[in-house]
Amino acid sequence: MNIKLKKFLVLIASLGFLIAALFALDRLLMESNSTYEDMAEEIDQRDIDMGNALNFNSDETSSTAIYGATQTLAHPPGRKPQQDTE
Amino acid sequence: MRISSNLFKLEDYWAVWLGFFLLLGGLTLFTGFSKPDNMDSRFSEINRSLDLAASQAPYKTIEYYQAVDQKNGIQARKEAVGSFVARFVAKPQSWETNPIDSFYTSAAEPGESDLAEYEEVTAELSRSLNAAKTAHDKAQRAGFKDKSLNGQAETAIDDWYEAQTISSGLKARLGKKEFNIVPGLIALTVLIAVLFAFGAHFMGKDVKGFLLSFPCLMALAIFSYFMGEQETMKHLGFGYPAWAIITGMLIANTVGTPNWIKPSLETEYYIKTGLVLLGGELLFSKILAIGLPGLFVAWLVTPTVLIATYIFGQKILKIPSKTLNIVVSADMSVCGTSAAIAAASACKAKNEELTLSIGLSLLFTAVMMIILPVVIKASGMPDILGGAWIGGTLDSSGAVAAAGAFLSQEALYVAATIKMIQNMMIGAIALGIAIYWSTVVEKGTGVEVGWAEIWNRFPKFILGFIGASVVFSLLYYSMGPDAGSALIENGVIRGMTAPLRDWFFCLAFGSIGLATNFRELAPYFKGGKPLILYGCGQCLNLTLTLIMAYIMFYVVFPGITENI
Chain P
1 MNIKLKKFLV LIASLGFLIA ALFALDRLLM ESNSTYEDMA EEIDQRDIDM
51 GNALNFNSDE TSSTAIYGAT QTLAHPPGRK PQQDTE
Chain G
1 MRISSNLFKL EDYWAVWLGF FLLLGGLTLF TGFSKPDNMD SRFSEINRSL
51 DLAASQAPYK TIEYYQAVDQ KNGIQARKEA VGSFVARFVA KPQSWETNPI
101 DSFYTSAAEP GESDLAEYEE VTAELSRSLN AAKTAHDKAQ RAGFKDKSLN
151 GQAETAIDDW YEAQTISSGL KARLGKKEFN IVPGLIALTV LIAVLFAFGA
201 HFMGKDVKGF LLSFPCLMAL AIFSYFMGEQ ETMKHLGFGY PAWAIITGML
251 IANTVGTPNW IKPSLETEYY IKTGLVLLGG ELLFSKILAI GLPGLFVAWL
301 VTPTVLIATY IFGQKILKIP SKTLNIVVSA DMSVCGTSAA IAAASACKAK
351 NEELTLSIGL SLLFTAVMMI ILPVVIKASG MPDILGGAWI GGTLDSSGAV
401 AAAGAFLSQE ALYVAATIKM IQNMMIGAIA LGIAIYWSTV VEKGTGVEVG
451 WAEIWNRFPK FILGFIGASV VFSLLYYSMG PDAGSALIEN GVIRGMTAPL
501 RDWFFCLAFG SIGLATNFRE LAPYFKGGKP LILYGCGQCL NLTLTLIMAY
551 IMFYVVFPGI TENI
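Heads up: the sequence lines are chains P and G, in that order.
Residue numbering for the first sequence follows our numbering, beginning at 1 and increasing consecutively.
Residue numbering for the second sequence follows our numbering, beginning at 1 and increasing consecutively.
Keep in mind that the hints were calculated from the coordinates and are not lab data.
The model shown is predicted, which means the values in this text are computed figures rather than measured ones.
Mixed in with the good hints there might be a few duds.
The following label-pair restraints were derived from C-beta to C-beta distances [to be verified]:
1) 73/P to 173/G: 44 to 52 Å
2) 118/G to 74/P: 32 to 40 Å
3) 134/G to 20/P: 48 to 56 Å
4) 12/P to 209/G: 23 to 31 Å
5) 166/G to 19/P: 29 to 37 Å
6) 519/G to 23/P: 46 to 54 Å
Straight-line C-alpha distance at most 25 Å; calculated DSS-like pairs for lysine-lysine [to be verified]:
7) 262/G to 133/G
8) 443/G to 6/P
9) 7/P to 262/G
10) 443/G to 4/P
Ideal Cβ positions, reconstructed from N, Cα and C, are used throughout, including at glycine.
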């Protein structure tokens, strides 16, 4: 077999093995760990984009949470209404 | 004279020029052509409603939440020009079983099961709304003096809001419009290639080779995003950085990286430009509005852990490479991959060291994302303390959001806020590392080095990074929090520069992978020292963060904690 073709097949097989291993790990964790299962559901439900790294501004969940926190501080419940607003 | 002649020849300066070109271009597009209609008057009106709703009960009422949502909906990136630009820089979308969903989806009618689910969710929303209204009326009739009734009303309203969030998400999913990101990806490839080729021309690089090979590197970046957006990969926290590095390494170590692609493997160029864009995202003025407890937790613990871990690595573990030590320490103590990239660029670490550090971060984040919530739940720790612990110790923002949301909405607030405050430290830490490296580490012992030489060694793009942060923070401050949020944060940053920065980092990770040989990586891991360093540093981080979070949220500022 051509050496280049052989190397290419090794590359495809390595990627396939990696993907299969990750899917198997996910299934294993789903079956053995209820927290992982709940967390996965949470991720699916909230559709956290790029749930890995470098995602500070792409992550709508964090952004909405922080927005809510800033609004709570700017307009704390139980406070008398202000004459001048922001 | 030498500085002025270098301004258009050095990569550091070109990273600054390109970064500012994109930041200022984005600013013009979003503030000039995508400003929401009657924005100021709409904000004033909603703020009046918010203040009124806030004055009516000692907790957040239904009207309060509705006003916050209405206010959060005013965003420049949702206007015509803004959404066009946002689509142009879009990454492949989430998908589960059909890979085509990542690039193209037709506007299909919802299926019967989807409609049944929607009806169920709508019925639950209606039930929870009635329960919230009833509980609120009871508390109101008691003049809000009965703490138990107030608590019941607050819980019922929180439940309704949670149901409403689920319902809105489902509605958006069912009403999904047709999208096709392929033309945008092609245009984006051309834009990024031309942009970087422009600088490459002035730096005397192989522009033709760059332009011809860049589409292949971009294809690797697209593949990495595509794989990272698959649902199972998201569960495992296996996102685009991991896919870009691993796929690149597999190619390099099997078929080999072809010589013709090498002109486009400009790792440093992509990273430095991405870091200047990242600077624009760090809005210092915003954190002042968030509150003191998180500020203390993030800003006291993080530098302490960084310095202690670095010293531990040098004195106890005796890690041969100082650059590897500082990159791993910054990665672990600050905020994962972004901090690792900034630290690595500031101390001019080798690509293999950055790869190793990012690998450790991804591994620990995936494990801790599951273990931390289990420990918090099992120990009966309050959600707010748990959220602070998660926000201060988990590396990636996505993992923080997932773990925080898993505990409760309050935990998510605290976790995400602390993470954001921690992210703000990247610039200061990168600057500190750059100065320390230029003046102490590279100087060596007993060798006198003049300021001119120190300046030569200093990574100048760090100044662009800090400058972008200062300029955008001042702009945000001058506009005020509402307009700043609508035009800067939810306009130019989230609509354009942050996605572009992610693309640049993805290209850098792909370049790193394609230039990495497995055999060259192995010596850096000798004796498992980086793993021990990361593990010990993380233990210190976990301990100090928990202690500091408890002190700040429950001893020093209990009033703020009650209002969260």
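Each hint tested on the structure:
1. 73/P to 173/G: 44 to 52 Å: At 32 Å between Cβs, range violated.
2. 118/G to 74/P: 32 to 40 Å: 34 Å, holds
3. 134/G to 20/P: 48 to 56 Å: Since residue 134/G and residue 20/P have Cβ atoms about 52 Å apart, the given range 48 to 56 Å holds.
4. 12/P to 209/G: 23 to 31 Å: 27 Å Cβ-Cβ, so the 23 to 31 Å window holds.
5. 166/G to 19/P: 29 to 37 Å: 31 Å, holds
6. 519/G to 23/P: 46 to 54 Å: At 29 Å between Cβs, range violated.
7. 262/G to 133/G: 64 Å, violated
8. 443/G to 6/P: The hint is violated at about 49 Å.
9. 7/P to 262/G: 19 Å, holds
10. 443/G to 4/P: Outside the cut-off at roughly 47 Å; violated.
In the structure shown, a violation is registered for the earlier hints numbered 1, 6, 7, 8, 10, in ascending order.
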